[in-house]
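I would like the entire structure built from these sequences, with the hints used as guidance.
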Amino acid sequence: GQQLNQSPQSMFIQEGEDVSMNCTSSSIFNTWLWYKQDPGEGPVLLIALYKAGELTSNGRLTAQFGTTRKDSFLNISASIPSDVGIYFCAGQRGNTGNQFYFGTGTSLTVIP
Amino acid sequence: DVKVTQSSRYLVKRTGEKVFLECVQDMDHENMFWYRQDPGLGLRLIYFSYDVKMKEKGDIPEGYSVSREKKERFSLILESASTNQTSMYLCASSYGPSYGYTFGSGTRLTVV
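Sequence lines, in order, name chains G and V.
Heads up, our numbering is the position in the first sequence plus 8, with the first residue counted as 1.
Heads up, our numbering is the position in the second sequence plus 78, with the first residue counted as 1.
Because the hints were derived from the structure by calculation, they are not lab data.
Check before you lean on any hint, since a few could be wrong.
To be verified - Listed next, with one range per pair, are the computed distances between beta-carbon atoms:
id, chain 1, residue 1, chain 2, residue 2, range
1, V, Val90, G, Glu23, 33 to 41 Å
2, G, Ala60, V, Glu147, 24 to 32 Å
3, G, Ser35, V, Lys148, 28 to 36 Å
4, V, Pro139, G, Gln11, 41 to 49 Å
5, V, Ser86, G, Gly61, 20 to 28 Å
6, G, Val92, V, Tyr88, 46 to 54 Å
7, G, Thr75, V, Arg87, 37 to 45 Å
8, G, Val92, V, Asp116, 14 to 22 Å
9, G, Ala60, V, Pro139, 40 to 48 Å
Stated by the list, open to error - Sample of chain V residues lacking proximity to chain G, with all beta carbon distances greater than 10 Å (derived):
id, residue
10, Phe98
11, Asp104
12, Leu119
13, Lys148
14, Ser158
15, Ser183
This structure is a prediction, so every number in the text was calculated from the model and none was measured.
Glycine included, each C-beta is placed from N, C-alpha and C at the ideal position.
Listed below in structure tokens is the structure:
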């Protein structure tokens, strides 16, 4: 299956700091999604991106669809303790129907 | 609130048992998916379905089968459970191509 590489694998940050993470692929994608998974729960969709270069915000979260269409970025500003969880990127190629490929996840810990 | 409901949060089964994991969605979605989640490996697609009685293999279908007799229900079957199938299993559904997935809360299966 398609491999999406997420970086970093884990982050430990102080409350109030900004966070950046990224996702890269060897293939071009037409859609990028970012999910957050709270401990013991299923992933929840945060942001969807549909066009190269697109920048979309959801509160303190901002995600970008990379111009090469092989990467995407997620930033969290002024982190708070409830930001703790695993963040997943997911990408979809136009020729594979509805199947999204998921990254390996970035685990975020926020220290109060 | 729209929902994907997985019948069990935790299951413990013995090696060789036949195991059924049930998933129901109330959103009238066409597409349904089964993933397994393992540390460091992210989410890996087992099977998916675009319509009633239709199924497609994902990246890791070996040892699994699925059933979709009704639009709202997608079942994952472990024909003969093995210890390497101990994992978190996530069900998801989506409205159509390029739409993000809605995930259930997951079933943590332990095979002993």
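Report task. Please confirm whether V:Asp104 is truly not at the interface, meaning its C-beta sits more than 10 Å away from all C-beta atoms of chain G. Result -> Check passes; 15 Å lies beyond 10 Å.
Query raised in the report: Per the stated criterion, does the least C-beta distance between V:Ser158 and chain G lie above 10 Å, as a non-interface residue requires?
Result: It holds; V:Ser158 is separated from chain G by about 24 Å at its closest Cβ, greater than 10 Å.
Query raised in the report: Does V:Leu119 really sit off the interface, with its C-beta more than 10 Å from all C-beta atoms of chain G?
Result: 7 Å, violated
**Report entry** Cβ separation check - V:Lys148 to all of chain G, threshold 10 Å
**Finding:** 19 Å, holds
Query raised in the report: Does the Cβ-Cβ separation between G:Val92 and V:Asp116 fall within 14 to 22 Å?
Result: 20 Å, holds
**Report entry** Range agreement (Cβ of V:Tyr88 with Cβ of G:Val92, hint 46 to 54 Å)
**Finding:** Violated - the Cβ-Cβ distance for G:Val92 and V:Tyr88, about 22 Å, lies outside 46 to 54 Å.
Query raised in the report: Lying within 33 to 41 Å: is that true of the beta-carbon distance V:Val90 to G:Glu23?
Result: Once the Cβ atoms are compared, 38 Å apart, the range 33 to 41 Å for G:Glu23 and V:Val90 holds.
Query raised in the report: Range hint 24 to 32 Å: satisfied by the CB atoms of G:Ala60 and V:Glu147?
Result: 41 Å, violated
Query raised in the report: Just checking, V:Phe98 versus chain G, shortest CB gap more than 10 Å?
Result: Answer for V:Phe98: holds, closest chain G Cβ roughly 19 Å.
Report task. Given the range 20 to 28 Å, decide if the beta-carbon distance of V:Ser86 to G:Gly61 lies inside it. Result -> The hint (20 to 28 Å, Cβ to Cβ) is violated, given that V:Ser86 and G:Gly61 are roughly 43 Å apart.
Requested in this report: Starting from the hint 40 to 48 Å, judge whether the C-beta atoms of G:Ala60 and V:Pro139 obey it.
Outcome: Because 33 Å falls outside the window, the suggested range is violated.
Query raised in the report: V:Pro139 and G:Gln11, beta-carbon distance inside 41 to 49 Å?
Result: 18 Å, violated
When the structure is compared with the earlier hints, violations turn up for hints 2, 4, 5, 6, 9, 12 and 15 and for no others.
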